[in-house]
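Asker: Please put together the full structure from these sequences, using the hints given.
Letter by letter, the sequence shown follows residues 1 to 203 of the working numbering.
Rather than coming from a laboratory, the hints here were simulated on the basis of the structure. For clarity, every value in this text was computed on a predicted model and none was experimentally measured. Each hint should be verified, as a subset may be incorrect.
Stated by the list, open to error - Quick list of in silico lysine-lysine cross-link-like pairs, DSBU-like style, CA-CA up to 30 Å:
| no. | residue 1 | residue 2 |
| --- | --- | --- |
| 1 | Lys43 | Lys194 |
| 2 | Lys173 | Lys186 |
| 3 | Lys43 | Lys195 |
| 4 | Lys186 | Lys46 |
| 5 | Lys81 | Lys46 |
| 6 | Lys195 | Lys173 |
| 7 | Lys173 | Lys187 |
| 8 | Lys81 | Lys43 |
| 9 | Lys194 | Lys173 |
Claimed, not checked - Computed beta-carbon distance windows for the label pairs:
| no. | residue 1 | residue 2 | range |
| --- | --- | --- | --- |
| 10 | Asp179 | Asn89 | 48 to 56 Å |
| 11 | Thr26 | Asp76 | 17 to 25 Å |
| 12 | Arg37 | Pro182 | 44 to 52 Å |
| 13 | Arg69 | Asp169 | 54 to 62 Å |
| 14 | Glu190 | Ile68 | 50 to 58 Å |
| 15 | Ala184 | Arg37 | 40 to 48 Å |
Note that the Cβ used here is the ideal one computed from N, Cα and C, for glycine as well.
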Amino acid sequence: MISDTELMTRYLDDNDLDALYEIVITRHGGDLRSVIRHRMRLKERKEVEEILIDFYDFLITPTESGEIRLRNCRNDTTPIKYITTSLTNYIDESFRQSQRRRSHVTVSSDGELPEIIESDRDYDPQLRTDCYYSFLQAIATPDVAGRDRYIYLTLLLNSISDDGDKGVDMHRKLADQLDMTPAAVKKAAERFEKKIRHNLNIF
1 MISDTELMTR
11 YLDDNDLDAL
21 YEIVITRHGG
31 DLRSVIRHRM
41 RLKERKEVEE
51 ILIDFYDFLI
61 TPTESGEIRL
71 RNCRNDTTPI
81 KYITTSLTNY
91 IDESFRQSQR
101 RRSHVTVSSD
111 GELPEIIESD
121 RDYDPQLRTD
131 CYYSFLQAIA
141 TPDVAGRDRY
151 IYLTLLLNSI
161 SDDGDKGVDM
171 HRKLADQLDM
181 TPAAVKKAAE
191 RFEKKIRHNL
201 NIF
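Answerer: Given below as structure tokens:
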């Protein structure tokens, strides 16, 4: 059987993508999947597989300066060690990017839409979509009272409606509907906001 070293040489010298695929996916895919599953705490096999394929695509994409990412693996007798380290770095960097994007989302217990800071140096065209997606994931959390979610979303939808009742009026309407006081309605919205902030890692 051809060694990993020879396969890596074929990839580096001849851009043989099949050779690199053999190393990353076929031969050592099981171990790399375990790294992904453990480090990202994933259970779904499909999610793990998608991350692995994304990582393979990352490996074959040149750096910003046009260099081959695995150039340091030339003549390496165990290139999988370098690849595994690259995978952990790839996962960690993906997590840091996710955290930066989440930190751009702000929420309000008065039912205002999340705002996104676009002046940050890490802003990119995908940022707004990612932030709103993160926000929607956060409000879908199952570990809060359904009434709190209902209050928060009602206030939010009211705030973006052209003919909505703003401010205290909507708090009072919800209070009458739910047999609560306006202060209790506001407290419920604040409680849900706190949960969203926790899920978005905004403190």
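Asker: State for each hint whether it applies.
Answerer: Okay, the hints, checked on the actual structure:
1. For the hint pairing Lys43 with Lys194, the CA-to-CA distance comes to about 27 Å; that is within 30 Å, so the pair holds.
2. Among the hinted pairs, Lys173 with Lys186 is consistent with the structure: their alpha-carbon atoms are about 12 Å apart, no more than 30 Å.
3. Restraint check for Lys43 and Lys195: the C-alpha separation of about 24 Å stays at or below 30 Å, so the hint holds.
4. Restraint check: the Cα-Cα separation between Lys186 and Lys46 comes to about 41 Å, which exceeds 30 Å; the hinted pair is violated.
5. For the suggested pair Lys81 and Lys46, the alpha carbons sit about 24 Å apart, so the restraint of at most 30 Å is met.
6. For the suggested pair Lys195 and Lys173, the alpha carbons sit about 24 Å apart, so the restraint of at most 30 Å is met.
7. As the CA atoms of Lys173 and Lys187 are separated by approximately 15 Å, the hinted pair is consistent with the 30 Å bound.
8. For the given pair, Lys81 sits about 24 Å from Lys43 by alpha-carbon distance, which is consistent with the 30 Å threshold.
9. As the CA atoms of Lys194 and Lys173 are separated by approximately 23 Å, the hinted pair is consistent with the 30 Å bound.
10. Range check, Asp179 to Asn89: about 55 Å between beta-carbon atoms, so the 48 to 56 Å window is met.
11. At roughly 18 Å, the beta-carbon separation of Thr26 and Asp76 lies within the given 17 to 25 Å, and the hint holds.
12. At roughly 48 Å, the beta-carbon separation of Arg37 and Pro182 lies within the given 44 to 52 Å, and the hint holds.
13. Remark: the range hint 54 to 62 Å for Arg69 to Asp169 is upheld by a beta-carbon distance near 58 Å.
14. A C-beta distance of roughly 52 Å is found between Glu190 and Ile68, which places it inside the suggested range of 50 to 58 Å.
15. At roughly 44 Å, the beta-carbon separation of Ala184 and Arg37 lies within the given 40 to 48 Å, and the hint holds.
In this structure, only the earlier hint numbered 4 is contradicted, and the remaining ones agree with it.
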